[in-house]
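Colleague: What follows is the residue order along each chain.
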Amino acid sequence: MGRKNILSLLILAGVILALPLGLGNSYYLNVLVFVGIYSLITIGLSLLMGYTGQISLGHAAFFGLGAYTSGVLSTKFGVSPWLALLAGIFVTGGIAFLIAAPALKLKGHYLAMATLAFGYIVFIVFNQASSLTGGPSGFGQIPRFRLGNFLLRSDVHYYYLVWTLVIVVLLVSLNIIHSRVGRALRSIHEGELTANIMGVNTAKYKIQVFVLSAVYASLAGSLYAHFITFLNPTPFGFHFSIVLVAMVAVGGMASVWGAMIGAALLTILPEYLRAFQDYDILIYGSILLLIMMFLPQGLFAGILRLIKKER
Amino acid sequence: MSLGDQLLQYLFTGITIGAIYGMVALGFNIIYSATGIINLAQGEFVMLGGMMMVYLTAIIKLPMVVSFFLSILIVTAIGAAFERAAIHPLKSPSVITLIIITVAASILFKGGAMFAWGKHTVSLSPFSGEEPISVLGATILPQTLWILGIMAATVALLILFFGFTLTGKAMRACAANRTAASLVGINVKTMVLLSFALSAGIGATAGIIITPIALMNYDRGTMLAVKGFSVAVLGGLGSNVGAVVAGFIIGIMESLGAGFISSGYKDAIALVVLLLVLFLKPSGLLGSRERAEFKKF
Amino acid sequence: MRKKGKIVVGVVVAIVIVLLLVGPLSIWRWVPVLRKPAVAYKVGAIFAVTGPAAWLGTPERNTAKMIEEEVNAAGGINGHPLEIIIEDTVGDATRTVTAAKKLITKDQVLAIVGPSRSGTTMAVIPIVEEAKVPLISCAAAEAIVVPVKSWVFKTPQKDSHAAVRIYETMKLQGISKIAIITGTTGFGDQGRKQLKKLAPELEIEIVADETYGPDDTDMTAQLTKIKASEAQAVVNWSIVPGQVIVAKNMRQLGMKIPLFQSHGFGNIKYAQTAGEAGEGIIFPCGRLLAVDTLADDHPQKEVLAKYKKEYEAKYEEDVSTFGGHAWDGLHLVIAALREVGPDREKIRDYIENTKNFVGTGGIFNFSPEDHSGLTKDAFEMLTVKNEKFVVLE
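Protein chains in written order, with the working numbering: chain U, 1 to 311; chain P, 1 to 297; chain R, 1 to 393.
Treat the hints with care, since some could be wrong.
Unchecked claim - Distance ranges between label pairs, derived from CB positions:
#: 1; chain 1: U; residue 1: Val181; chain 2: R; residue 2: Ser150; range: 47 to 55 Å
#: 2; chain 1: U; residue 1: Val181; chain 2: P; residue 2: Lys91; range: 44 to 52 Å
#: 3; chain 1: U; residue 1: Ser154; chain 2: P; residue 2: Val241; range: 54 to 62 Å
#: 4; chain 1: R; residue 1: Glu310; chain 2: U; residue 2: Gly14; range: 54 to 62 Å
#: 5; chain 1: R; residue 1: Val148; chain 2: U; residue 2: Lys76; range: 16 to 24 Å
#: 6; chain 1: R; residue 1: Ala313; chain 2: U; residue 2: Ser8; range: 53 to 61 Å
#: 7; chain 1: R; residue 1: Ser150; chain 2: U; residue 2: Gly14; range: 38 to 46 Å
#: 8; chain 1: U; residue 1: Thr164; chain 2: R; residue 2: Pro147; range: 32 to 40 Å
#: 9; chain 1: R; residue 1: Asp318; chain 2: U; residue 2: Lys309; range: 53 to 61 Å
As the list claims (entries may be wrong) - Sample of chain R residues facing chain P (criterion: CB under 8 Å; computed from the structure):
#: 10; residue: Pro52
#: 11; residue: Ala54
#: 12; residue: Asp215
#: 13; residue: Thr217
#: 14; residue: Asp218
#: 15; residue: Gln222
#: 16; residue: Ala228
#: 17; residue: Val244
#: 18; residue: Gln252
#: 19; residue: Leu253
#: 20; residue: Gly254
#: 21; residue: Tyr315
These are computed hints drawn from the structure, not numbers from a lab. Idealized CB from N, CA, C, for every residue including glycine.
Whole structure, please, built from the sequences with the hints as guidance.
Modeller: Below, the structure is given as structure tokens:
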């Protein structure tokens, strides 16, 4: 997977270990927990968008499916949070698999619409299946994770848990990218027809990546559910699907590192902008607009290119 | 109410909702046809049209007709300015970049409207009275007839424009193949500008005529855009007649769904049908297959 | 190209410098000497200032700012200036949780007023319970204080009281079969639950139960179904714009049966937006909106008239009951601070034992078993007459 990536991973691991020492304050760690949770989703989304060139405007639904499966099973049926997390992955992966086959035959905006519609339907189910989901009011008292007898309760615990999983997911993803599968995926982006002629089973690979990205989102959802301990449908709507795509685009969808940078920027930025009160949405919108106008390949690619040029 | 009366009422309701969706979808089509962009700020043009109209009639107190055309003009100018400022300077951007730019623009339009007109929901008095028209035990608002009429006129004008004027044909050429269009001497960039102006104008018209029924506030655009986009895709992106037909289909399904199945699941019913149509005919009801093929991410 | 590259480097460097100077990663955090010693009493406020419920959070925010100015102009609380730190929920549970953690750990506030909505309040309850910070919610849902959570209070009147008042009014009018139509938001959903739960006790039969999405443009389909039922009245429980559209749609369908709304109708703007269709709507509401018709010796009269006058003079817009909820919450905290000083636990205890506190929402009597403090008498049944709210005869 390349020396550069291993080095980057080690640096990331070092920074992750060191950060809580500097930021003792739980609020900053809380923000970083969300950065980690969202990174899990955007890494998967960048595999889908950046490497295979397929778009999804419905990933918030997979995030929500993970969160709700995990939350409902552990709260209402007494399943341990870890098992519930696994169950979430299977449920979400299964649903993703079912919709992937017909949906990925669609192209461009039609695929965008199909994923959007799927996301919306899931959102409606969260709202309406109130005997399970609590409906629009949601439900609380979701148990937290336990390691043996140790209850993960503070932001620091979740910070380490979430970021450990981010590293694992990064490792898996980088391995995929640099394997035969990764080359096949890129060939789909370059030209699906050519790839097909060269003997790449494009349909199979597209479905696999779609399911993998849904599984990452489900994992993120379970972490979210057992961290916040309260769920209602609002965080899993269309709006969040768009935010996820924006994170990937801002960071640079051609790289999993870019996807993480995008998740970090668009999560931390609103926290900075709190001081601006109502004006925050104007500033947020302007920053998003300027990045996309002047760094259309995303921040990561933009910065890389600069470093190369300066040399 | 007898079952027959109810059915007729659901139909009328569906037509009202469908006409609203169809009007929003028309705006999507113009930009898509000329540029291949899904403009997620389309809903904001609709919102701006409605809010501007309320501002001009209720605060500035201009006459209805003047405000109507002035609002459309102002929003058209906003659409054109947006294209010049944010789309024009880009060199061969990817479709994803363009989508996120329209998302950013929609955030800015929303924010601007919030500061300009506040956060309250506003309404507009209907063009010709509020007395419902009774037909065989069911009722329909005169405003719905206005929406239907203006939508028919818009579609007719669009068909004439794209079918019989040089500019319209040039815009279609850009949609089919940008490189080829520029090779035969069409100024592609001007066509893009024109498409943004035109769809902003149509969006504003939609906003103005639906506000008396649906009310308006600064936050309303996104959901209207989602519905409009669904309708445009179901009809087949780029097909204006398709948009109108699909609008009615979704509207009527929502209202029948609410009436006979469950009001909570009515949107889901319409979306499931939309998904099935897409899975069976991936280019929408009246869309052409090649058109669906050539836009990639 | 090189020049352009330099510009971009410059911009990036500038951004990094700004990020280091302000916000979470600021270098000042490592220089404690530079931080001023805290003398002000800090109180947090979390309101839906932007997003879909901005109409709710904005009057709350305005009220908080007004109170802060007033208190400080009068010399603060026992000489300590009052600092109200206002955070925006954007209507999103995740952002609200972050806001609450910021207020608690970074700003170290003594108490929190808000959030504005039921869903966001439920999301922060685990946090304040664990951090042991008093929270006074401005949201209506019963579930916030039932069962009682030791650190959580609320100022708006209870959903169940609103439902009871609606049903009692119906019985006086001889109505027994009704239809309910609710929005699929936390508020609408909680209302629906209370309406369904309380109906049998008050001998009301619900013959139609419909819902609609917060962004729906037309509810005639649901209302047609209701019209075909034998309902003698309709209860709509939602927030704008639904509550206005329902009124208009009922008029379109020629439905003559009375329309009842929830206490979420508490802003005269809604009645004005509904126009003719709004006439005759009946809803339960705090006395704030009918202060002009209140008898002079009513215990709330003075508080209500003062708040209404000051708010309307300062912001040039009509007062709403929502801003009143923030007024009640903040003044409870201020009263506590005045008596017991800056101690979270003592503030909690003080509020829990507060009796006969005259607020805009009613007269509050808290106890360890009741963290809402109001009875159903806090509600007055109002109706719309000539685009004005008047007490229902």
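Colleague: All hints, please: hold or fail.
Modeller: We went through each hint and held it up to the structure:
no.	hint	result
1	U:Val181 / R:Ser150: 47 to 55 Å	holds, 54 Å
2	U:Val181 / P:Lys91: 44 to 52 Å	violated, 33 Å
3	U:Ser154 / P:Val241: 54 to 62 Å	holds, 60 Å
4	R:Glu310 / U:Gly14: 54 to 62 Å	holds, 56 Å
5	R:Val148 / U:Lys76: 16 to 24 Å	holds, 23 Å
6	R:Ala313 / U:Ser8: 53 to 61 Å	holds, 60 Å
7	R:Ser150 / U:Gly14: 38 to 46 Å	holds, 42 Å
8	U:Thr164 / R:Pro147: 32 to 40 Å	holds, 36 Å
9	R:Asp318 / U:Lys309: 53 to 61 Å	holds, 59 Å
10	Pro52	holds, 6 Å
11	Ala54	holds, 4 Å
12	Asp215	holds, 4 Å
13	Thr217	holds, 4 Å
14	Asp218	holds, 5 Å
15	Gln222	holds, 5 Å
16	Ala228	holds, 4 Å
17	Val244	holds, 6 Å
18	Gln252	holds, 5 Å
19	Leu253	holds, 6 Å
20	Gly254	holds, 6 Å
21	Tyr315	violated, 11 Å
Hint compliance for this structure: hints 2, 21 are not met, and every other hint is.
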